[in-house]
Amino acid sequence: MKKLLIGAVMALGTVFSSVSLSFADELLVPTMSYRVGPYAANGTMIANGFTDYFMMLNERDGGIGGVKVKAEECETGYKAQVGVECYESYRGKNALVHTPNSTGITLQILQKAPEDEVPILTMGYGLSAAAKGETFPWAFNYPASYWSQMTSILSYIDSQGGLKGKKIGFLYLDVGYGREPIPVLEELGPKMGFETLYVPVAGKEMQNQSSHWLTIRKEKPDWVIMWGWGAMNPTAIKEAAKTRFPLDRFIGNWWSGAHVDTEALGSKAKGYLASSFTTTGTDFPAIQDMIKYVVKPGKSKTEMGMPGKVLYNRAMFNAVIIAEAIAVAQKMTGKKNVTGADVRLGLENIKLDEARLKELGLEGFTAPVIGSCADHESGGSIFVQQWDGSDWKRITGLIPPMTDVVQPLLTAAAEKYVSDKSGWTTQKCN
Amino acid sequence: MFYRETGQFKSKYKEELAAFPLAEDKVGIAILLVIAYVFIPIFGIPGLSFEFTMGAIMIPVFIFTITTLGLNILLGFAGQISLGTGAFMGVGAYSCYKIMTIFPDLNIIICVILSGFVTAIVGMIFGLPSLKIKGFYLIVATLAAQFFLEWAFIRVAWLYNYNDSGGIEGTNKEMFGLIVSGPQSDALTRYFIVLTLLVLLTWLASNVIRGRIGRSWMMIRDMDIAAELIGVRPLTAKLSAFAFSSFYIGISGALMVFFWLGAAEVESFDVSHSFTYLFMVIIGGLGSITGSYMGAALVWVIPVLIKEIGKTAFGFDAFVMENFSIIFLGVAIVVILIVEPHGLARLWQITKQKLRLWPFPY
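Chains as they are written, first to last, in the numbering used here: chain A, 1 to 430; chain B, 1 to 362.
Next up, chain B with everything else stripped away, as it sits in the complex (with noise of 0.2 Å):
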């Protein structure tokens, strides 16, 4: 009923091929970029001060959305598991701000997507056992990588600039006249760019994933021997996966440190982000690019908004507030996964098969 395929005929194969084939899917689109880039600026989250919402929703979600798309890469599409995302964020940070203080004159951006780059370079590396090993044992690898990342972002004066703090900080970067990043940047500057780099690297990813690389990313996924004989390169396959992901998680880092935390030291780059992103990946839904949205939104949000309005509404203790929206993540991911173990992903396709058929139900 609201979300019929019936009478939209393709009469090209480039329609078929289209992002969004659909009129249904376009419009809805167009109406959450509408609302990312017009409403909120505007209205905000009512309820919320203005503050709140960008510094502490949109803009660490938009972020966290980066890292969880890179890690579904790895892990939902071409079925490497890694727990070495939070050093690889770390990789994207550091090499952003050694960037940037080598360089001090070039644009920020630039610096946050060469040090993509970076992170794609390390990945691939750490990405090597791969060629080798699977399952348990890739997992095993990637913690050595987390491990020894972390490691080296202590031990490695040099990664921070000789620093007494030991960590890394952002200045005040301007760009056309406009300070975009540093303690004097504006909230809402940030969010402009936070959000662009987001739609144009969703846009690039999903893209990637219905061409040819990314139909062997999951052609290694579903069978790699299969794959193999019918001519993928597991090689080529599994480090451009490995690459690509990085690239991701790398620029999330350093947006992190840059757009969002202003300064940082290792233990935002510790096993237990790791986790959380994983966490992320699997309740948004394995190889999915939604899912990677709706996973990094419910993981951050529901904690924030919890403690917030027990503190401000209820007036709750706020250790209470924090236990509490400990336990109820944990209590979320148990249910959502024996609920629907395929993530909200799913969900949300049961829900547009719903759409298909209301109000009958066959």
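Just chain A, with the same shape it has in the complex (with noise of 0.2 Å):
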């Protein structure tokens, strides 16, 4: 009994010193996926996108510059609350980029950033103010930000007909993310002419939307935009095709529209459309790459179908901002091993424009991404796809946001935000 005790305890004492081991010679970027919990659907593809294309990069090239990557993950679930532990996990262990994949975790971690000296990159989702620069020095929301989307989404709406006199229906989830996008729809519907009408869905009630979609049959909006997540996306796709709502005048975001969602639904979804910024499909040399390097030979846990589908390819080109930042901060500093200061640099100096993108086997795959010091948002332009029956077709060219709309409303958000911190820091770009 002695003896084991003993040896208990000097297994728990290498276990613990093991832990507190760092690993040199490594670029850590951690991501927090949620492969558990009510959106594990959608998270599973995302985490492997992200981590496909590190594995890949260090397969083939060896890392990047030389230099392995370590893509780690931490779970969340998808709670905020369990986000920022996870963010408290990584001080100090020279994390280059956070990536909290939810829009609840950026909120709560946004300020703690400047202290750490990460950066926050929230590709597509987060905070949409952290768009500038200026006052958001550690946060980035390339290649667009909510706001600019709705304005996208709007402009689209318009080309369909004119959005004047129209009556707009807004499905969202209740939470920060599905809430952030309202300022927009405010300031623009006196302006533009139509009415919104607002339909929230909480998140328990996420796969019972019959009520909501009452609301919508009763007050015959003209379209519906969609702001869900994970199982609320197909039970609202199933819900409008069975109240006969139009669904090609039913359009996602860019969230509201992958396979996980219509895949199920098969030709039930045809019609549907939603928002994108990254094509779908396998035909790009990257994509390939990954396919041959990684999820053939079974060294991640993607399955074979999973490439070439809207998360996947997003998540993808989530990593490939990530890691062309990483380049371009090895390439400003000459080190190595860069650190999360050097990399907000990379961020800010990042230029994937067409001949880098078919550089890096993505020729045409998403509008370019041109950073600087006063714009984090980069350009911002999307394209609407659509579901066919079978897969998710591209319908549009780029449709730019509204920039004269969204920058005084970014830079108005930008100061209230700040306005009641003390100590917050800005920083002056030329």
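No wet-lab data here; the hints were simulated from the structure. Note that the Cβ used here is the ideal one computed from N, Cα and C, for glycine as well. Treat the hints with caution; some may be incorrect.
Said to hold, decoys possible - Quick list of the computed label-pair ranges, beta carbon to beta carbon:
1) B:D105 - A:R244: 54 to 60 Å
2) B:I327 - A:K358: 44 to 50 Å
3) A:P285 - B:F147: 51 to 57 Å
4) B:V335 - A:K358: 57 to 63 Å
5) B:D186 - A:K296: 55 to 61 Å
6) A:E363 - B:V335: 29 to 35 Å
7) B:I327 - A:G389: 35 to 41 Å
8) B:T196 - A:G92: 56 to 62 Å
9) B:P361 - A:K204: 50 to 56 Å
10) B:F324 - A:G65: 51 to 57 Å
11) B:F324 - A:N208: 29 to 35 Å
12) A:T215 - B:L347: 50 to 56 Å
Relying on the hints, combine the two individually framed chains into one complex.
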């Protein structure tokens, strides 16, 4: 017994001491993933796409600039509080950039980033106002903020028979993420002459939307825009089909238009629209490399059918931006082992133009992402895709956001955010 | 042998009534305080990084101990069951946020304590049904409080100052020239503040429980009709229990947001958290202050440690460890409740009894 006890204590000791070991010569890129919980179907695709790209870089190029990348997942279950714990657990470990994968988590860790000098990249989610680089030096939301996206969606609707005098239904998940674009609708409604019907869906009612669609049927909006996530999306599309709402007038944001949302519905979801900023399919050399080096040999958790799907490709693009930022940071500083502060500079000086995208094997995959000190959002053009019953098809060219509307709103929101925070770190850009 | 009462004579009633009449207890508490105030701040927990120790283990455990103490007062001492703990923490957090933004120059500790009083009032209002109903019916009534408050945190935009994010956030707050709360604050500073509040609140709770009010709660718990017959007023006893318990829970909610998370939205106060706090109380032991400490520590620390060790030492995937820690906690709850239905506190009592007799079996 005594021996057993001593053995147990010693084993515990070795475990504890190995916990504190730090690994040199590695680029630590943590990502907050969610493979468990109600949003796991989406989270698994995102986590796979993200980690596979770095795994591919390690296998094909030996990492970035000769240093291997350690893309480490921290499981959050899409819960904001667990996300904060994840964030805390990376303090002092030289994480290069944080990928919260949740607007709720982003809002909670945003204030801590300047103190820890680790930038936060929220690709297509997070706080819209973070696009203002002067106010938010440590936050980035390439390639577009939710507000820009909303204006692009509205201009698409405008091009499909006008907005004036129309009634727009806004169906949203009632959390920070879903409420994010409301200021844009409130601002643009009177200006463009449309009326908005707000239909919030609480997280608990996500899979039971009959009452929400009853409201929509009663109020008869001309279009419905959806800011949904997880099981809310397929439920909404199913309900829309059931209540005979024309699906080609039902448009989701870029998180509401993935294969996981429509595949199970198949032809029932035919005609449903969604915005996006990344192309689907595997016809890109970069994705082919991921299949060749990582997926086929079975080195990741990805199954063969996953690459090419909406969320997988998008999460891969998230990894592309980070990899590029690290490469830029290495070039700018001349160091191989960069820090979070270096990667922040890398993110600001990122230049993913057509030529560079082609070099990376992603020609025509997305709109160029060109960062600057002041603009942490970059361009922000999106396109619209449609479900044809078996796959997503891109149906429009790039639709730019209404910069003249969004920019003043962003400036005002950034000012409001900082107004009650003492000692907030800003930067001057020339 | 190790824990011997013989030979410790008391010559005054005051000594007999002291919180820790035994010399062993006094020494034990002193050692614990020295560990908490000196050793952990200097050395941390061996093998774990200092930031992790503070941010993921010590500070949350202390905060949840305050929550558990509060819930234990209501559930373990007064026998009134509540499933609204998460929402009452939210009341504390949101009221602290409102007080802080209305009076930006007010000391944050005062804000936290004031938010405790606000929660006490809210708790009393939602405790009113307890005068009429008991047991399962009261669970439903407190569950209604939970859902109503959650709804209010989302819908009443005034509560979060019309933030676009719909959440509340802490800012840097200074005290004696030291940043004590907000993103720039040092983890150690927050640790000391939370620890000190915990010690003070424990001291307060132990004295109130041993006093007249606490005894009236326990009488109501054990048999309310009998208690009423000997002159305990159910109105004051039950409502004071709700107020006192909510005071603790409100303070812990405010501490959670402003001394640990830094920001929060309604999700941090939902019903699943209420259940977690209930587990803490039940696993720790109903009606025991020591149990509150042990329950909060076990339920919080074990999953965190499992995840961290699995990830860094054995290289398991994060989601595997997450699932594993959920399973482990579930199994632990079932096993502990089968082996010792009275919780860890009872186990500790048995241990003390064994220490008294050791090395003899009887």
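These are the hints, each one checked on the structure:
1. For the pair D105 (chain B) and R244 (chain A), the beta carbons lie near 59 Å from each other, so the given range of 54 to 60 Å is met.
2. Taking the beta carbon of each, I327 (chain B) and K358 (chain A) are about 48 Å apart, inside 44 to 50 Å as hinted.
3. The hinted window of 51 to 57 Å between P285 (chain A) and F147 (chain B) holds, with their beta carbons roughly 53 Å apart.
4. With their beta carbons about 59 Å apart, V335 (chain B) and K358 (chain A) fall inside the hinted range of 57 to 63 Å.
5. In this structure the supplied range 55 to 61 Å is violated for D186 (chain B) paired with K296 (chain A), their Cβ-Cβ distance being about 49 Å.
6. Checked against the hint of 29 to 35 Å, the C-beta distance between E363 (chain A) and V335 (chain B) comes to roughly 58 Å, which is inconsistent with it.
7. Between I327 (chain B) and G389 (chain A) the beta carbons are some 40 Å apart, a value that agrees with the proposed interval 35 to 41 Å.
8. Checked against the given bound of 56 to 62 Å, the beta carbons of T196 (chain B) and G92 (chain A), roughly 25 Å apart, lie outside it.
9. Checked against the given bound of 50 to 56 Å, the beta carbons of P361 (chain B) and K204 (chain A), roughly 54 Å apart, stay inside it.
10. A hinted range of 51 to 57 Å for the beta carbons of F324 (chain B) and G65 (chain A) is inconsistent with their spacing of about 36 Å.
11. In this structure the supplied range 29 to 35 Å holds for F324 (chain B) paired with N208 (chain A), their Cβ-Cβ distance being about 31 Å.
12. Range check, T215 (chain A) to L347 (chain B): about 54 Å between beta-carbon atoms, so the 50 to 56 Å window is met.
Consistency with the previously given hints fails for numbers 5, 6, 8, 10, ordered from lowest to highest.
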